[in-house]
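Enquirer: Work out the full structure, taking the sequences as your base and the hints as a guide.
Listed here are the chains, written in short residue letters.
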Amino acid sequence: AQTVTQSQPEMSVQEAETVTLSCTYDTSESDYYLFWYKQPPSRQMILVIRQEAYKQQNATENRFSVNFQKAAKSFSLKISDSQLGDAAMYFCAYRSAGYGGSQGNLIFGKGTKLSVKP
Amino acid sequence: EAGVAQSPRYKIIEKRQSVAFWCNPISGHATLYWYQQILGQGPKLLIQFQNNGVVDDSQLPKDRFSAERLKGVDSTLKIQPAKLEDSAVYLCASSLAGLFSGNTIYFGEGSWLTVV
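Note that the protein sequences, when read in sequence, are chains Z and S. Take the first sequence: its position 58, counting from 1, is numbered 58 in our numbering, and each next residue is one higher. In our numbering, each residue carries its 1-based index in the second sequence increased by 1000.
Some hints here could point you the wrong way.
[Said to hold, decoys possible] With beta-carbon atoms standing in for the labels, derived distance ranges:
(1) Z:78 / S:1116: 36 to 46 Å
(2) Z:55 / S:1003: 24 to 34 Å
(3) Z:72 / S:1008: 11 to 21 Å
(4) S:1071 / Z:14: 45 to 55 Å
(5) Z:55 / S:1071: 35 to 45 Å
(6) S:1073 / Z:78: 38 to 48 Å
[To be verified] Output of the computed footprint for chain Z on chain S, the stretches with three or more beta carbons under 8 Å from beta carbons of chain Z:
(7) 1024-1030
(8) 1071-1082
(9) 1106-1114
Just so you know, the hints here were simulated from the structure itself, not pulled from any lab data. Virtual Cβ for every residue (Gly too), placed ideally from N, Cα, C.
Expert: This is how it looks when you write it as C-alpha cells:
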C-alpha cells in the first residue's frame, strides 16, 4: 500500500521570504500523480500544484514550485515571496495513475501547518 | 462554475443519534468521493462512486455508515448510530466523468460533525 509522510507538523516563514515543505512517499508503482493541497480554516481543500511522475520537469504555478525526486521518492513544495494568505494547512497527496477501480483515491499525508509572520 | 456543495456545514449530535450529510457535485462530474478528516490528520477515503455505482467502499464502517447516490448526481452520507470517534469533518469531492486518475479532484467546504 502507498503511504505519504510529512515530517514537519508546523513551519513558519516571514512574509516575502521563501519556505519549503517536505513530503516523502512510498510506492512500488512507476506511474502516479503527486499533489499539494492547501486547506485554510474553512476546511476546503484547494489544489495548489500537481506533478505527473513520468515528467522529469518540476511543476510550477506562479509562486509555487516543486522539487520532485522520483528515485528518492521525495516531493517538496517551495513557496516563494510568501504572503499572509498562504497561511494554512498544506497536504501532500498521492494518486495512482491509470483507469478504473480505486485508482481515483487520493492518499494524504498528515499535513504541515504553515504560519506566515508579517 | 458552481463548486461542490455540502450541507449542513455544522452539526452537533449526541452519541447514538443519527445524522445525514448531503453533497451536490460539480455539474457533469461522474465521480464522487466522501472523505473523513479527523482533527490533526489528512483526509481518508470513505467511499467512491462512479455515477450511481460504488467503486470503493473498503474503508467505510458499514455497521454504522451508509452512503447512496441514487440518480448519479447528489449523494447522502448517513451515520447511525454515531460514536464519539466519528467527530470529524466530512469532505465531499468530485471529478470528471470516467475513472482516469489524472482528472483533478475538487473538494467542497466540508460538514463538521461533533458527537458529544
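Enquirer: Could you run down the list of hints and mark each one as holding or not?
Expert: Status of the hints after comparison with the structure:
About 42 Å separates the C-beta atoms of residue 78 of chain Z and residue 1116 of chain S, a value consistent with the hinted range of 36 to 46 Å. Checking the proposed 24 to 34 Å range against residue 55 of chain Z and residue 1003 of chain S shows it holds: the Cβ atoms sit about 28 Å from each other. As the Cβ distance of residue 72 of chain Z to residue 1008 of chain S is approximately 44 Å, the hint placing it in 11 to 21 Å is violated. For residue 1071 of chain S and residue 14 of chain Z, the hinted distance range of 45 to 55 Å is satisfied, since their beta carbons lie about 51 Å from each other.
For residue 55 of chain Z paired with residue 1071 of chain S, a C-beta distance near 38 Å keeps the hint of 35 to 45 Å intact. For residue 1073 of chain S paired with residue 78 of chain Z, a C-beta distance near 39 Å keeps the hint of 38 to 48 Å intact. Proximity of the segment 1024-1030 of chain S to chain Z, defined as three or more residues with a beta carbon under 8 Å from a beta carbon of that chain, is not established by the 0 residues found. Only residues whose beta carbon comes within less than 8 Å of a beta carbon in chain Z count, and the segment 1071-1082 of chain S has 0; fewer than three means the coverage is violated.
Beta-carbon proximity to chain Z at under 8 Å applies to 6 residues in the segment 1106-1114 of chain S; the threshold of 3 is reached and the given coverage holds.
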